[in-house]
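Work out the full structure: start from the sequences and follow the hints.
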Amino acid sequence: MSKSPPSDLLPAEARDAVDGLAGARVLIVDDNRINRHLLLALLERGGITLIEQAEDGQDALVLMERFKPDLVLLDLMMPQMDGFEMCRRLRADPRWKSLPVLVQSSLSRAEDRARAFAAGATDYVTKPINAVELLARVGIQLRKRAMLRDLEQYHSRTENELELARAMQARMLPGPERLAELEAATGIAVQAHFAPSSELGGDFWGIEHLPDGRVAVYLVDFSGHGVGAALNTFRLDAICRRIGSTDLTPAEFLETVNRRLCGLLPSGQFATMLTGLIDPVAGEFHYASAASTAPMVWHPGDEAPRLGDGSGLPLGLLSSVTYDARRLPMPPGARLFLYSDAAIEIPIGGEGHEVLDEYGLATLLARRLHQPDDAGLLSGLLDDLTATGPIDDDLTALLLTRRR
Amino acid sequence: MTADGWHNPGGGAIPQSDAGHSDVQGSGDRPCECRIPDCTVLDCPILVVDDTAFNRTLIGAFLAEAGFRQVSFAASGFEALAMIEAAIPDLLILDIMMPGMDGFEVCRRLRAMPETADLPILVQTALSSGEDRNRAFAAGTTDLVSKPLERTELLARVRIHLEDRVLIRRLQTYRARVEAELSIARSMQEHLLPPPAQSAAVAAAAGCRLRAHSVISPNLGGDLWGVLPLGGRRFGAYLLNVAGRGVSAALNAFRLHALLQELGPAHGEDAAVLMTALNDRAAGLLAPGEKATMTYGVVDGEAGRFIHASADGAPPMILNGDGKPAFGAAAGLPIGIAPGTRYRSDVMELPRGSVLALYSVAVLEALDAGGTGIGLGWMIARAVAEGEGFDAVVRSLGSALGQVGGDGHTLLWIEREAAQ
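Protein sequence lines correspond, in order, to chains F and Y.
Here the first sequence stands for residues 1 to 404, numbered as in the working numbering.
Here the second sequence stands for residues 1001 to 1420, numbered as in the working numbering.
Hints are computed from structural coordinates only; laboratory data are not their basis.
Since the model is a prediction, treat every value here as computed from it, not as a measurement.
Just so it is clear, CB atoms sit at the ideal spot from N, CA and C, and this is done for glycine as well.
Any given hint could turn out to be false.
[Stated by the list, open to error] Some chain F residues near chain Y, calculated using beta-carbon distances under 8 Å: (1) L164; (2) S198; (3) V227; (4) I239; (5) C262; (6) G263.
Structural data, given as structure tokens:
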């Protein structure tokens, strides 16, 4: 066996390439003892210390379970199980699907190389081994694997965590059971769509049947999106539940929420909100708006939705703000549509960064006004919106129908 | 809502297709890498650099036949660098022996630029001498394929490099977005805590000196503390910790903070009443299994007392200079377990010159393996005796929790002035 050259004979770049690989585990599979020792010495010179050896594919597959290598250096021609077969078996196992397998073989014909790649090899070097090339390739594969593993760990950890948080946010919204109860008690059917642009969002809505027979509904949209905006929805939920049961007009409710939020929100953050009461006896929707989108109402026989007024200062900016009391007629059979601004800020191209806007949305809605099936109407409208352009913000849409 | 003036370091929003993060599926085409859909890889831009027209045509034909849709060509190293400067491809297939600027030099220049330092470079070469292959790797080559080019091998290499690149980029984009979201959220969580000047002023009005050491995990968490100004040389102080960690714990901490802002001014005078009211409110908001531990107490700088209630919080500790810590005896269920729970107050003496320490369980665990508080008490007693007090304890905390990292913790240090 040839004596290892001193490591300073390696070019500096090759030594850099294997830096930081001390914790990497490499499995050498070769039926020739001398070859194994040569590879072992080479890897050790490259700074890799966790090395195991196997004499053939069968031996190696057994060892895999215990050793869990980060890379396999694989010979092709071996008794018992050859390298091609071993490679195929590794790739058939989900755990080893992406494991780097570096083939080192004296087979140098193009067909052999092609067969090895077809069997799932990641890389291929020809014997006699070129020490610098082998270490360079091992280093490249191992570093890439370490980076991928790091990224994948981050991904799975945060994905789990955000999924938990997403479920918490979903629980905050009225569920199908509560909506069914509401419909049975009041004749008001609610169809809702809630789609944060990432896992969590800054949109939030609620609906409540008041003891006097009226129905309170609100829709909130916090500035920003993602986790930060979601934190704000949780505080607002706590605030709304605290003041929700008291007997306030929509405008007074907004004023109260605004005062509370002013004390809580960091500067630069704010929310838009629409809150309203459906009064079935008067056949009216009383509402107030803090810079919300315009509510839309239509009656049986209408050809287009009637737009309400969404103007008003956003919440959380100025504690002394007052809000106007507004109303829209809402007799039996009427429908009310509430939505976050993502539905009207869809870019529609053109020179000046034009967006769909409220009138564009009303036009899309007009085509479906009297579709009897609520779910079909809403999903059809959402399809229209998606076809209009990219929606890059949290989107909430509520369709309320007075069945009686 | 995306709005002007809203700082969003994460940049644009995430397209719906990426939001689920589960769109990584098998192509079924290649046995060893089934994580990236075929179409994604086929749309990756590839730049082929070769001075021989025949080779460009040949490689182009191989790639086109395999379905790659975005292949461009350069006939020299200079042309390649100019094209890469305009738009960075996902893979470079590079010839070594070229007149003008050879492949070694192209490699070296690309590796010297941060934007292309990680660009996969597949060098195709007729060089069979080991020395030249080493030169190629030394120049920064990712991989070598030998000429004459073999179709299957070339395509296998191209796929491996592109699939890895797409996967890495996808994971990096995900990580950058989530880290940006968490960083905004973390600064919001810091904003929940009282500014040092405010808490110091509230405590000073009761003849006390308050210092706080609070670390919020980069991944967020359920730690929270605050002070309530009360009349008559008194103030309230609370420390709470939502069970669990990360974003979900923070979401509940924000809820409880909003409730405390509401309930504090009305019930802050009486520790047991505030705790009972908070628990009743919280029980309606928290889901089964979600809970928080908390200590709330009123520091009375006139009477020299600390009256507190505890929802399974770490016991408050008072050190009065004789070296033996006194621990609070109030006990109660964690917040959110059972509405209707009645909390009781416990009175502790807070003589002049003594120190009241409120701390999260993480602090207790870090400084006191047994969890009895004796180790922590001893340490704080020694720190007080040596005159360094708070700073010494914070230093010990830093070294104890430094290695663990990640988790948040809080220590409140309230010292009653020695003289009037």
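Against the structure, the hints:
1. A least Cβ separation of about 5 Å between L164/F and chain Y falls short of the 8 Å threshold, and the interface hint therefore holds.
2. Residue-level restraint check for S198/F holds (minimum Cβ-Cβ distance to chain Y is 5 Å; threshold 8 Å).
3. For V227/F, the shortest C-beta to C-beta distance to chain Y is roughly 4 Å, which falls under 8 Å, so the interface hint holds.
4. Below 8 Å, beta-carbon pairs count as interface contacts, and I239/F has one with chain Y at about 6 Å; its hint therefore holds.
5. Restraint check, C262/F versus chain Y: the minimum CB separation of about 11 Å is more than 8 Å; hint violated.
6. Hint status for G263/F: holds, given a least beta-carbon distance of 7 Å to chain Y, under 8 Å.
Consistency with the previously given hints fails for number 5 only.
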